[in-house]
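Using the hints provided, position chain B relative to the given structure of chain A.
Top to bottom, those sequences are chains A and B.
Under the working numbering, think of the first position of the first sequence as 1, with each following residue one higher.
Under the working numbering, think of the first position of the second sequence as 1, with each following residue one higher.
Treat the hints with caution; some may be incorrect.
The calculated lysine-lysine pairs, modelled on DSS-like cross-linking and capped at a C-alpha distance of 25 Å, are [unchecked claim]:
#1 A/94 with B/57
#2 B/57 with A/26
#3 B/71 with B/9
#4 B/9 with B/70
What the hints contain is simulated information worked out from the structure, not anything from laboratory work.
Here the structure is a predicted model, which is why all the values come from computation and not from measurement.
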Amino acid sequence: SQQGEEDPQALSIQEGENATMNCSYKTSINNLQWYRQNSGRGLVHLILIRSNEREKHSGRLRVTLDTSKKSSSLLITASRAADTASYFCATDEKAAGNKLTFGGGTRVLVKP
Amino acid sequence: DGGITQSPKYLFRKEGQNVTLSCEQNLNHDAMYWYRQDPGQGLRLIYYSQIVNDFQKGDIAEGYSVSREKKESFPLTVTSAQKNPTAFYLCASSIAGGSGELFFGEGSRLTVL
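If we strip away everything but chain A, and leave its shape as in the complex, we get (with noise of 0.2 Å):
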């Protein structure tokens, strides 16, 4: 089953855009989490935030989550090419034990 589900599927931006992508669940959370993947290669972390917390921040980074939504956001700000990849969201369900359910991804390419 799926738990989160990320919007858009795909985002084409410029260089120097900011990327905004979208994660929403149906189910009460512990934390939602997100997650980057390069193509082909593991997925590498990038944020946590937990219920009784509304927003976060790292480097170029902005979380917010919104629990009477059931859902998060994800902002890249002045983006890079580099920043390229798809982002996951994953969420910690409380009535799932100790296990994430991942989303299916947001594709993001930043174009030169």
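Relative to the frame of chain A, chain B by itself:
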């Protein structure tokens, strides 16, 4: 450097053969996981283990088997019962419990000929 090592990176298998994918970590993590990723898709959980000699089925365990005899190692066997095994397999580990950050290996791509 600490990390997770998956091998082989590429593997080809004939139909009807079992294959075993290796996953080793030197991060001293208690929990380990196997995920399957199909082209353009997210990750689906196959099996996970939170402690040595114990493991649980994930969402798509049918046709797969695992063992956890050592803390550092969590091999995955793709059996001939798995009807559509061609996929990208990712191993991950976490400190404990799975609600924290996952550390991933570089993946193993299995192709059935």
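These are the hints, each one checked on the structure:
1. Proximity of residue 94 of chain A to residue 57 of chain B is assessed by CA-CA distance (about 18 Å); at most 25 Å being required, the pair is judged to hold.
2. About 22 Å separates the Cα atoms of residue 57 of chain B and residue 26 of chain A, which keeps this hinted pair within 25 Å; it holds.
3. At most 25 Å may separate the alpha-carbon atoms for a hinted pair to count; residue 71 of chain B and residue 9 of chain B meet this at roughly 22 Å.
4. Among the hinted pairs, residue 9 of chain B with residue 70 of chain B is consistent with the structure: their alpha-carbon atoms are about 22 Å apart, no more than 25 Å.
In this structure, none of the earlier numbered hints is contradicted; all agree with it.
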